[in-house]
Amino acid sequence: MRAIFLLLMSLFCSAALAQSADDAASLPAPSSTAQRLYAAAKGDLLQVRVLLKSGRTQSSVGSGFMVGTSDLVVTNYHVMSQVALEPETYVGEYRDTDGRRGAVELLAVDVLHDLAVVRIDRKGSGFFKVPEALPQLKQGQYLYSLGNPLDLGFAISEGAYNGIVSRSFYDQLMFTGAINAGMSGGPNVTVEGRVAGVNVSKRTDGELVSFLVPVRFVRDLLKQVAAQKSPPADFKLVVGQQLLAHQTTMVDKLGGTPLTFKELNPYRVPVWESDQVRCWGWSNDKPDKTYAVDQVSCAMESAIFVSGQLETGNVSIQHKRIQSDELGAWRFAGLASKLFKSQNVGWHKDLRLTAPQCIEQFVSNGKLPVRAVLCMRAYRKFPELYDFTLLTASTDASRMTLQSRVEANGVSYPNGLRIARIFLESLEKEVQP
Amino acid sequence: MNAPFYVEVLARNGEVRHRQRVEALPIRIGRGYDNEFILDDLHASPQHALVEIGEDGGLQVRDLDSRNGVIFKGRRRNQLSLDGDTVFRLGHTNLRVRSADFAVVDARRDTTSHGWEGWPPALAGLALMVLLTLVSAWGEDTEKSGAIHYVNALVGMLAIALVWVGGWTLANRLFGGQTRFGRHLFIAACGLIAIEAVSLVCSVAAYSLSLEILTKFDSQLMIAAMAGMVYFHLLTINPNHPKRIAFASALVALLGAGVVLMVNYQKSGLFADELYISDLYSPALRLSADKPVNQFLDAAGRLKPAIDAERGKAVNGDDESPE
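The listed protein sequences correspond, in order, to chains A and B.
Count the first sequence with this note's numbering and you get residues 4 to 436, in order.
Count the second sequence with this note's numbering and you get residues 292 to 614, in order.
Check each hint, because a few of them may be wrong.
In silico lysine-lysine, BS3-like type, Cα no more than 30 Å apart, as pairs [what the hints assert, rightly or not]:
1) LYS344(A) <-> LYS364(B)
2) LYS370(A) <-> LYS604(B)
3) LYS582(B) <-> LYS292(A)
4) LYS352(A) <-> LYS507(B)
5) LYS56(A) <-> LYS595(B)
6) LYS344(A) <-> LYS534(B)
7) LYS141(A) <-> LYS56(A)
8) LYS582(B) <-> LYS384(A)
9) LYS265(A) <-> LYS292(A)
10) LYS595(B) <-> LYS384(A)
Just so you know, the hints here were simulated from the structure itself, not pulled from any lab data.
Using the sequences and the hints given, assemble the complete structure.
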């Protein structure tokens, strides 16, 4: 089971189903607060569009808001990612609630918290203030998200604040209200009109479970914009640096977390289990099976969005115990081989990453001997970032084996080796008394 | 030079297709019914050529002003001396004329074991194939799939074997005169066992000794085994030129190996069959010792420059893996 996050930008294929007009009768009366807020905010609310330079057709759309009385606009990084990574192909544009358009200039990105700051050719009215002192939010308090859902038109939606969630690697606010594709980058405000966060994503496997980037990260990014003389010439380098910083934080945090050992008797398998790394179990337990597979899978539920084709900066761990009383050693070996062979370690024609290169050996940490395969791939566009895949198959018994797969995506070479080492050193088998 | 004389029509491979005895010289050859040797060839003239005693006392053939002439070694000749091995062409027909005292070569030593023809090798080959198929189907049967699994494997194997052996039998009938189905079936069965054996030995040895190269290029060794099989099939068809056949088989093997390398490269960007040794065996079959974690990771660390070098290489591909 995996959580499904939807980043809220509308891509070119947003086919919206129109609701029947009868539904309108059953809706509650519009909140007067929402009416008042929308009326006050609409001058500073924008749709941010990314266009193909050739043909000027839109490639992705999101929302944004003007900060104070400046000419700066805050939106999500994922709305602007194509402009950041492929400025030769894509260009940004804004459209306001009156339908006026203009060019946007990308000033700064924060890939890790999914924020971007752009400059436009007019100034804000001062409605959206990014406060130095952060608003104190209470659970259940009303919040309002604004934006342009599904490219249909500007909209406001009311919902409740439900605390800070730490499932994604960086803190996000949980907003129990409707936000839809196209509202990405739009502001989320309190009743008083103070910015609480920026619309970023929602869970598609739930109802009204939406997420906001806390406003403190917006404040930090705006400070950075104020301090810089000119925008970076190549945002790919900036993104690469931020991904490197992320993997340092991530691996330090994981490395500092003590491993949890799960029992897959007689094996004791190491995992990291935390708010960010969730574990799920699975078994092929059926009466007509000639062999049993018991599996523990742990993975970070979120990854860093880099582009529509690339999410990275996460770790996953899978342990699988296969055993059989029925199959003899020979056929069991065939079964174990089939499972070991079916592991996908990457394709050679991938534009994002190089072809995998592997090293393999019989390795033992003194507690459990394994056949280990470690495959590495380099990111083509981001220096010093790699994907590591460690595959192991224990070689301790003829009719039972522990096969593990540890993946570290978007890590530095030393950190990839560090994660491989942690797992290779901690696989264990209980010695039978 | 004694009468009678024999005019022989030869196939392109030199075999006699038809032979006619003529009691005395001269021998008139042509399509007309007033000839001693009537040539049913639309490209032969009614009075085409004449075989007679030449100036040197031997046989000679003379063109009777025919439309297409007497052709020897690609050139038209008015007269041509015949020594019993001279093959000339009239129209589309290759001919040879010999007299009764022509000295034929000695009998060839018979190396064929005539007891091992027909049913005995056919049944032995069939039994070996069935056995091999059942054993390998048993090895793959990890899911309690029941009898149908084995029946499927047998039917598939027999269908492929029938096509393969049928092809060789047909070739044998065309170029060797006999079918020798039993022999070819037996050769195919032995070849199959050899190929399986090579694959198994490579796979077990690769695991046992931790020798990656053995599974990365085991298809090349399997192709070599297959070339061995082709050698014996060809030798059964024509046992006269073992060296030529060996050369041809080696050529086939090289071509096959080249194709496999190309397919591998297209599929995975590597010439090797697989990226890592995926066949695992029982610990009892292992000879290679465990290495410490440090040594393994140090080796992984040394791979970094090679991986970084890949970054610069152009790629013609996609963002997503094809899955």
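Does the structure keep LYS344(A) and LYS364(B) at a Cα separation of 30 Å or less? Roughly 61 Å separates the two Cα atoms, so the pair is violated.
LYS582(B) and LYS384(A): Cα distance at most 30 Å? 35 Å, violated
Are the Cα atoms of LYS352(A) and LYS507(B) separated by 30 Å or less? Status holds; Cα separation ~20 Å.
Going straight from one Cα to the other, do LYS141(A) and LYS56(A) come out at no more than 30 Å? Since the Cα atoms of LYS141(A) and LYS56(A) sit roughly 45 Å apart, the hinted pair is violated (cutoff 30 Å).
Within 30 Å, alpha carbon to alpha carbon, are LYS582(B) and LYS292(A)? Not satisfied, since the Cα-Cα distance of roughly 35 Å exceeds 30 Å.
For the pair supplied as a hint, LYS265(A) and LYS292(A), is the alpha-carbon distance within the 30 Å limit? Answer holds: LYS265(A) to LYS292(A) is near 24 Å, not above 30 Å.
For LYS56(A) and LYS595(B), compute the direct alpha-carbon distance and say whether it is at most 30 Å. 38 Å, violated
Between LYS344(A) and LYS534(B), does the CA-CA distance stay at or below 30 Å? Given that 30 Å is the threshold and the Cα spacing comes to 41 Å, the pair is violated.
Has the given pair, LYS595(B) with LYS384(A), been kept, meaning a C-alpha gap of at most 30 Å? 16 Å, holds
Regarding the pair LYS370(A) and LYS604(B), is the alpha-carbon distance no greater than 30 Å? It is violated: about 41 Å lies between the C-alpha atoms, which goes past 30 Å.
The structure fails hints 1, 2, 3, 5, 6, 7 and 8 (numbered hints given earlier, in ascending order).
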